[in-house]
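> Taken in order, these protein sequences are the chains called A and B.
Everything in the first sequence is counted per this note's numbering, starting at 344 for the first residue and increasing by one.
Everything in the second sequence is counted per this note's numbering, starting at 7 for the first residue and increasing by one.
Source of the hints: derived by calculation from the structure; they are not laboratory data.
Glycine residues also receive a C-beta, built at the ideal position from the N, C-alpha and C atoms.
It is possible that part of the hints are untrue.
Ranges of calculated distance between the beta carbons of each label pair, as one might list FRET restraints [stated by the list, open to error]:
hint	chain 1	residue 1	chain 2	residue 2	range
1	A	Asp371	B	Lys216	19 to 29 Å
2	B	Pro144	A	Lys352	44 to 54 Å
3	B	Ala236	A	Lys352	25 to 35 Å
One-sided and incomplete, this derived list gives chain A residues near chain B with beta-carbon spacing under 7 Å [to be verified]:
hint	residue
4	Asp365
5	Asp368
6	Glu372
7	Gly373
8	Pro399
Using 16 Å as the maximum straight-line C-alpha spacing, the simulated EDC-like pairs for lysine to aspartate or glutamate come out as follows [said to hold, decoys possible]:
hint	chain 1	residue 1	chain 2	residue 2
9	B	Lys122	A	Asp371
10	B	Lys266	B	Asp147
11	B	Lys122	B	Asp218
12	B	Lys272	B	Asp136
13	B	Lys118	A	Asp349
14	B	Lys84	B	Glu382
15	B	Lys376	B	Glu133
16	B	Lys266	B	Asp387
17	A	Lys352	B	Asp69
18	B	Lys376	B	Asp136
19	B	Lys376	B	Glu413
20	B	Lys185	B	Asp22
21	B	Lys118	A	Asp371
22	B	Lys118	A	Asp370
23	B	Lys272	B	Asp372
24	B	Lys118	A	Asp368
25	B	Lys272	B	Glu133
26	B	Lys376	B	Asp218
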Amino acid sequence: MRIVFDRDKCQGHGRCYALAGDLFDADDEGYAVVLVTGDLTDAQTAAAQLAADNCPEYAISLEA
Amino acid sequence: MTDLQQPTRDWAVDFDHTSEDYAQSATEIWDDLRGRCPVAHGEAHGGVWMPTRHEDITAIANDTEHFSSEGVIVSIFKPEGLAPMGYAPPITADPPFHMDSRRILLPAFAPKAIDKLEAATRATCQELLDELLAAGTPVVDAAVQYSQNIPVRVIAHMLGVPQEDGDRFRLFIHRIIEKPGTYSGTIQPEDTLVYYIEQTLIRRRQEPPKDDLIGYLLGLEVDGEPLPDAQIFGTIGLLIIAGIDTTWSAIGASLWHLAKHPEDRKRLAEDPAVLPFAVEEFLRFYAPVTMARIAATDTEIGGCPVAERDWVLLPFPAANRDPEAFERADEFIIDRERNRHVAFGLGVHRCAGSNLARMELTVAIDEWMKRIPDFELAVEDPDAVRWSTGQVRGPRELPIRILRTTEAG
Chain A
344 MRIVFDRDKC QGHGRCYALA GDLFDADDEG YAVVLVTGDL TDAQTAAAQL AADNCPEYAI
404 SLEA
Chain B
7 MTDLQQPTRD WAVDFDHTSE DYAQSATEIW DDLRGRCPVA HGEAHGGVWM PTRHEDITAI
67 ANDTEHFSSE GVIVSIFKPE GLAPMGYAPP ITADPPFHMD SRRILLPAFA PKAIDKLEAA
127 TRATCQELLD ELLAAGTPVV DAAVQYSQNI PVRVIAHMLG VPQEDGDRFR LFIHRIIEKP
187 GTYSGTIQPE DTLVYYIEQT LIRRRQEPPK DDLIGYLLGL EVDGEPLPDA QIFGTIGLLI
247 IAGIDTTWSA IGASLWHLAK HPEDRKRLAE DPAVLPFAVE EFLRFYAPVT MARIAATDTE
307 IGGCPVAERD WVLLPFPAAN RDPEAFERAD EFIIDRERNR HVAFGLGVHR CAGSNLARME
367 LTVAIDEWMK RIPDFELAVE DPDAVRWSTG QVRGPRELPI RILRTTEAG
């Protein structure tokens with residue numbers, strides 16, 4: 344699985360980097376930055392799914 | 007027994023969010039309306055619409071073309087001719103000006119900047135708990151003696167104004183948010199937020215520059231020009247108004263919940279790893295903030311026609327209770343894993359202070375639980391606790407009986 348991140352939808356709620364700090368970081372304004380753009384391990388996939396499921400703006404999804 | 011003679015209000019056509027009965031029962035009112043009349047209307051304050059479905063609230067928050075932020079606090083005094091900046095940018099600003107006024111604030115409220123405030127916030131909470139426990143009384147007021155003091159001190163520190171000014175901030179907020187319009191014409195000019203900010207800015211412009219938020223705004227240049235005075239003034243007003251009763255309400259409501267739910271107190275005490283999830287569930291279940299918009303054109307909400315210049319409330323707490331958007335929406339689940347709550351709003355106006363508020367709420371609950379792991383409401387009837395009226399919802403007095411304490415560590 345890979346992370347698909349829609350920067351236009353991100354409003355900087357910060358849920359993703361709080362829950363999955365190995366996969367997402369904050370830029371200087373608090374918007375999300377994706378750290379892992381390639382294929383995810385199973386553990387990373389679970390963390391990425393948690394981040395996606397907590398994004399109020401639906402800015403994160405996973406694709407095979 | 008119900009008194010059949012007692013007039014009952016139909017909230018669908020006659021709600022008033024500044025009334026005491028709304029404040030005491032807002033959650034039940036939203037749930038009732040969502041099921042039978044999801045876009046309610048009230049005649050008070052010159053007429054106000056209130057959607058209660060997550061879907062409608064989301065659509066409005068994301069539609070800055072039809073819904074202006076020129077007015078964000080419903081009052082009989084409806085701002086006009088202030089767009090696109092409004093009186094307290096960026097919260098009252100519309101695109102495209104909005105983003106410029108927001109961008110100057112975001113770095114100060116980004117996670118890395120907020121992390122630096124955590125130690126001082128923790129020390130503040132510990133200090134308040136020391137004071138609270140020093141008297142040795144079994145019953146304390148967790149709203150007045152604890153919750154309300156935390157954000158006041160944090161914001162005063164960030165702005166670089168004396169902590170003693172906090173009592174005045176709470177008074178300004180009471181007039182502006184809890185009872186909008188009520189005090190108009192009754193207040194001495196020297197006793198207003200406007201005067202407070204004017205005097206603060208006069209003083210600060212005479213002093214050497216300081217490394218705080220007011221110093222930052224005064225020193226900021228955009229395209230080689232200082233910020234317009236009106237923008238500096240409005241933004242400081244926003245920082246004083248927006249970050250205090252909101253956070254204090256969230257802390258108070260969370261303690262209110264824990265006081266009533268021994269199983270959740272026990273879980274938090276035994277399993278500190280659940281705290282981040284608990285904080286998000288507190289924010290979902292007890293979201294304090296309802297925003298407002300003014301219709302920029304004739305438009306509609308969920309098929310309901312709305313006229314240009316009509317007030318529209320955005321009750322994010324109601325969206326957070328919508329069963330269409332959340333599984334078991336009416337249940338507090340302390341370790342809820344999937345939680346897309348909208349306590350901080352949605353879209354371009356997402357609360358700029360959300361990282362700060364989250365840190366304060368987390369630290370406030372963490373420190374309280376460490377010192378007072380067991381406690382309960384000190385009133386028989388939970389409804390005896392008074393909740394604030396208006397667009398920020400939280401307990402204003404919170405009598406708590408302390409059942410067990412631990413030593414300061």
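> Does each hint fit the structure? Answer for all of them.
Okay, the hints, checked on the actual structure:
1. Asp371/A - Lys216/B: 19 to 29 Å: Between Asp371/A and Lys216/B, where Cβ atoms are some 22 Å apart, the hint holds.
2. Pro144/B - Lys352/A: 44 to 54 Å: With Cβ atoms ~50 Å apart, the hint holds.
3. Ala236/B - Lys352/A: 25 to 35 Å: Holds: the Cβ-Cβ distance is about 32 Å, inside 25 to 35 Å.
4. Asp365: Violated - the Cβ of Asp365/A stays beyond 7 Å from chain B, reaching only about 15 Å at its closest.
5. Asp368: 9 Å, violated
6. Glu372: 4 Å, holds
7. Gly373: Where the cut-off is 7 Å and the nearest Cβ of chain B is about 4 Å from Gly373/A, the hint holds.
8. Pro399: 5 Å, holds
9. Lys122/B - Asp371/A: 14 Å, holds
10. Lys266/B - Asp147/B: Distance ~15 Å between Lys266/B and Asp147/B Cα, so the pair holds.
11. Lys122/B - Asp218/B: Measuring from Cα to Cα gives roughly 13 Å; hence the hint holds.
12. Lys272/B - Asp136/B: 22 Å, violated
13. Lys118/B - Asp349/A: 22 Å, violated
14. Lys84/B - Glu382/B: 42 Å, violated
15. Lys376/B - Glu133/B: It holds: about 13 Å lies between the C-alpha atoms, which stays within 16 Å.
16. Lys266/B - Asp387/B: 11 Å, holds
17. Lys352/A - Asp69/B: 13 Å, holds
18. Lys376/B - Asp136/B: Judged against 16 Å, a Cα distance of about 12 Å means the pair holds.
19. Lys376/B - Glu413/B: 9 Å, holds
20. Lys185/B - Asp22/B: The given pair, whose Cα atoms are some 12 Å apart, holds under the 16 Å limit.
21. Lys118/B - Asp371/A: Judged against 16 Å, a Cα distance of about 8 Å means the pair holds.
22. Lys118/B - Asp370/A: Since the Cα atoms of Lys118/B and Asp370/A sit roughly 9 Å apart, the hinted pair holds (cutoff 16 Å).
23. Lys272/B - Asp372/B: 13 Å, holds
24. Lys118/B - Asp368/A: 11 Å, holds
25. Lys272/B - Glu133/B: 24 Å, violated
26. Lys376/B - Asp218/B: 31 Å, violated
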